[in-house]
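Engineer: Here is how the chains run, residue by residue.
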Amino acid sequence: MVNVVEAASFKTEAPRKRVLSEAVFGWLLIGPAMLFIAVIVAWPLAETVRLSFMEAGLGGEEYVGLANYEDLLESRKFHDTIVRTFYWMFLSVALKLILGLIGATLLNAAVPGRGLFRVLVMPPWVIPIAIGCIGWLWLYNGYFGILSGTMMSLGITDGPFEFLAYKQSAFYSAVVTDVWVGTPMVTLFFLAAMQGVPRDLYEAAYVDGASRWYRFRRITIPQIMPVIVSMSLLSAIFTFNSFEIIWILTEGGPRGATTTLIVDTYKTAISNFKFGEGSARAVVIVVLLGAFSLIYLFFLNKVNKYYGSGKK
Amino acid sequence: MATLDLHSINKSFGTAKVLHDISLAINDKEFVVFVGPSGCGKSTLLRIIAGLEEATSGQIVIGGQDVSDAHPVERGISMVFQSYALYPHLSVYENIAFPLRVQKLEKTDMDARVQRAAEILQLTDKLQLKPGQLSGGQRQRVAIGRSIVRNPKVFLFDEPLSNLDAALRGDMRVELGQLHRSLEATMVYVTHDQVEAMTMADRIVVLNAGRVEQFGTPMELYHHPQTKFVASFIGQPNMNLIPATVSDVDGTGLKVTLDGGHQMVIPVDTLGVQKGDKLEVGIRPENVTLGEDGISVDISVLERLGGVSIAYGKLAGQTRFCASLPGDVNVKEGAAVTLTMAPEDCHVFDASGQVLRRKSAPALVA
Chain A
4 MVNVVEAASF KTEAPRKRVL SEAVFGWLLI GPAMLFIAVI VAWPLAETVR
54 LSFMEAGLGG EEYVGLANYE DLLESRKFHD TIVRTFYWMF LSVALKLILG
104 LIGATLLNAA VPGRGLFRVL VMPPWVIPIA IGCIGWLWLY NGYFGILSGT
154 MMSLGITDGP FEFLAYKQSA FYSAVVTDVW VGTPMVTLFF LAAMQGVPRD
204 LYEAAYVDGA SRWYRFRRIT IPQIMPVIVS MSLLSAIFTF NSFEIIWILT
254 EGGPRGATTT LIVDTYKTAI SNFKFGEGSA RAVVIVVLLG AFSLIYLFFL
304 NKVNKYYGSG KK
Chain B
3 MATLDLHSIN KSFGTAKVLH DISLAINDKE FVVFVGPSGC GKSTLLRIIA
53 GLEEATSGQI VIGGQDVSDA HPVERGISMV FQSYALYPHL SVYENIAFPL
103 RVQKLEKTDM DARVQRAAEI LQLTDKLQLK PGQLSGGQRQ RVAIGRSIVR
153 NPKVFLFDEP LSNLDAALRG DMRVELGQLH RSLEATMVYV THDQVEAMTM
203 ADRIVVLNAG RVEQFGTPME LYHHPQTKFV ASFIGQPNMN LIPATVSDVD
253 GTGLKVTLDG GHQMVIPVDT LGVQKGDKLE VGIRPENVTL GEDGISVDIS
303 VLERLGGVSI AYGKLAGQTR FCASLPGDVN VKEGAAVTLT MAPEDCHVFD
353 ASGQVLRRKS APALVA
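Those protein sequences? They're chains A and B, same order as listed.
Count the first sequence with our numbering and you get residues 4 to 315, in order.
Count the second sequence with our numbering and you get residues 3 to 368, in order.
Chain A with its partners taken away, still in its complex shape (with noise of 0.2 Å):
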């Protein structure tokens, strides 16, 4: 070790600022973010997985270890939620991520008043989502309800139809209800990669006589891939991960038509106080997500490879 002391005194002239080593200084930037995952993220994630093989409630834990699990794998109703999870998502994803791409399609035109349509687009996302819901709540009531008023007078039906009564309706309306709320954002994205494609692209296209839906499909469309399939995963953690939405419209009801693993945590974990069984159901939404996000992953480098310019 060298002795300071001595080290000082070879050297004759100003004595040199105390330098941070880069990797001292790096962890000193990252440290209060870390701290900060730490504290309301990885903390609370060992917390719910400790809890995951207790039997906990409001009067005390106790170690059960796998049984919460293997009751769940043995659920029937489980299984109908996780297999109501997925379908809720893939259809929620398909149609935001085609109404985005339309809707991105038709503000890149250059049509008049597109700036206007541009704004116009933002609310559903601006707007917090409870205010919003609560808006689809009075569309859907039967008897005050637009949607249904319509369908009445067009002789559709022949009487109020409450839309989140029945259970294929309520969970479309649900569906419905996502969507618009989703839709903005993946929208603005696609938007936004589409105004990034170069014009002489397009222009070289033109002049070679490929149609706009030619162009589209061999120009638009690959360009902007890794951003539709970056949204495809966004989008589906958001939609699997969908709460609000259905808490304000249905609670998952009727009958758990519309619970999907996000909604039936809660319930149990919240309404019901199983905070252990609740627990387990969370760590199942942690290990299906982090799959999915894997697939995703992989996924996605493939098709960066596959539409990249192959530059290393």
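It is possible that some hints are incorrect.
What the hints assert, rightly or not - Pairs of lysine to any residue, SDA-like flavour, derived with a Cα cap of 20 Å:
1) Lys-155(B) <-> Tyr-209(A)
2) Lys-308(A) <-> Leu-136(B)
3) Lys-257(B) <-> Lys-361(B)
For the record, the hints were derived by calculation from the structure and aren't laboratory data.
Using the hints provided, position chain B relative to the given structure of chain A.
Structural biologist: Using the frame of chain A, we list chain B on its own:
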């Protein structure tokens, strides 16, 4: 292949008029270069020919057929863009084959055409690569390949070499010249680089502020610039323009007094010129030599390029002057030198920038 005729092309963007009554007749198999400074309208004119922009008025005739309102693909043109406009997600093969896929050509025919283009452009071993894996020059060749496979009547090039480095640009100039000869195609080429224009063109269109200043062969433009703009745009280094006053007019030419006091008689047409008129006398840097009798120039910078030395300085009247002297000329920066110029090498421009015809210019080479 085909002729290309433009009749009174005008173009306005809103209230800004960018092209003024442009009429040109381009011959079959001719290589014509549109050259001019940024914003002169050369790219807009090319895009109008391509069908990417609509002319406000005027007529475009390709191969005797009026194509003013035709879709680009019906005009029989193909275009190479400055940015190459290659599809980054497609292989070189697919990029070249793109127009053929649009046409839904048979696979065997498509293969044959792509292979032929690849052979011409030495891309045969690159067909499976993607644009990102190619050098700038190779990318440009792919873009040209995409044009070749369509067998167009007229090739259009929009500053295709401006993204390349100087050495590669020189190589590509030669390659494009060879390509023109081997394809025997009508080509229209836009550039702001007068060296490209001079070296590649059969004829050059010099554009300035949306107007055609002059349309002629490179040497015609060099020896007989019709305007001061063309004179100063064509030639490297630029032509010197010296303010002068007419001191006498007679049958042999104009007697002028140059800025700095030197007097000379220049053999040009004197029609309409009067004693006392203000003119500008143009002399190319390569047409002056060190001598006993001539203009006095204070040399401020001397660039020795090896074969030649470029001297920059000022005349006594503060007019900037440039001279291209022998490489090993014995001149020092800061010294004053006397430069001689032959009257027959001088150009004279009137106050409106129009040239007074030279009586004894060198014969033009073909």
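Engineer: Is the straight-line distance between the alpha-carbon of Lys-308(A) and that of Leu-136(B) 20 Å or less?
Structural biologist: Holds - the C-alpha atoms of Leu-136(B) and Lys-308(A) are around 16 Å apart, at most 20 Å.
Engineer: Would you mind confirming whether the straight-line C-alpha gap from Lys-257(B) to Lys-361(B) stays at or under 20 Å?
Structural biologist: holds, 14 Å
Engineer: Take the C-alpha atoms of Lys-155(B) and Tyr-209(A), compute the straight-line distance between them, and say whether it is at most 20 Å.
Structural biologist: Satisfied, since the Cα-Cα distance of roughly 17 Å is no more than 20 Å.
Going through the hint list in order, the structure satisfies each hint without exception.
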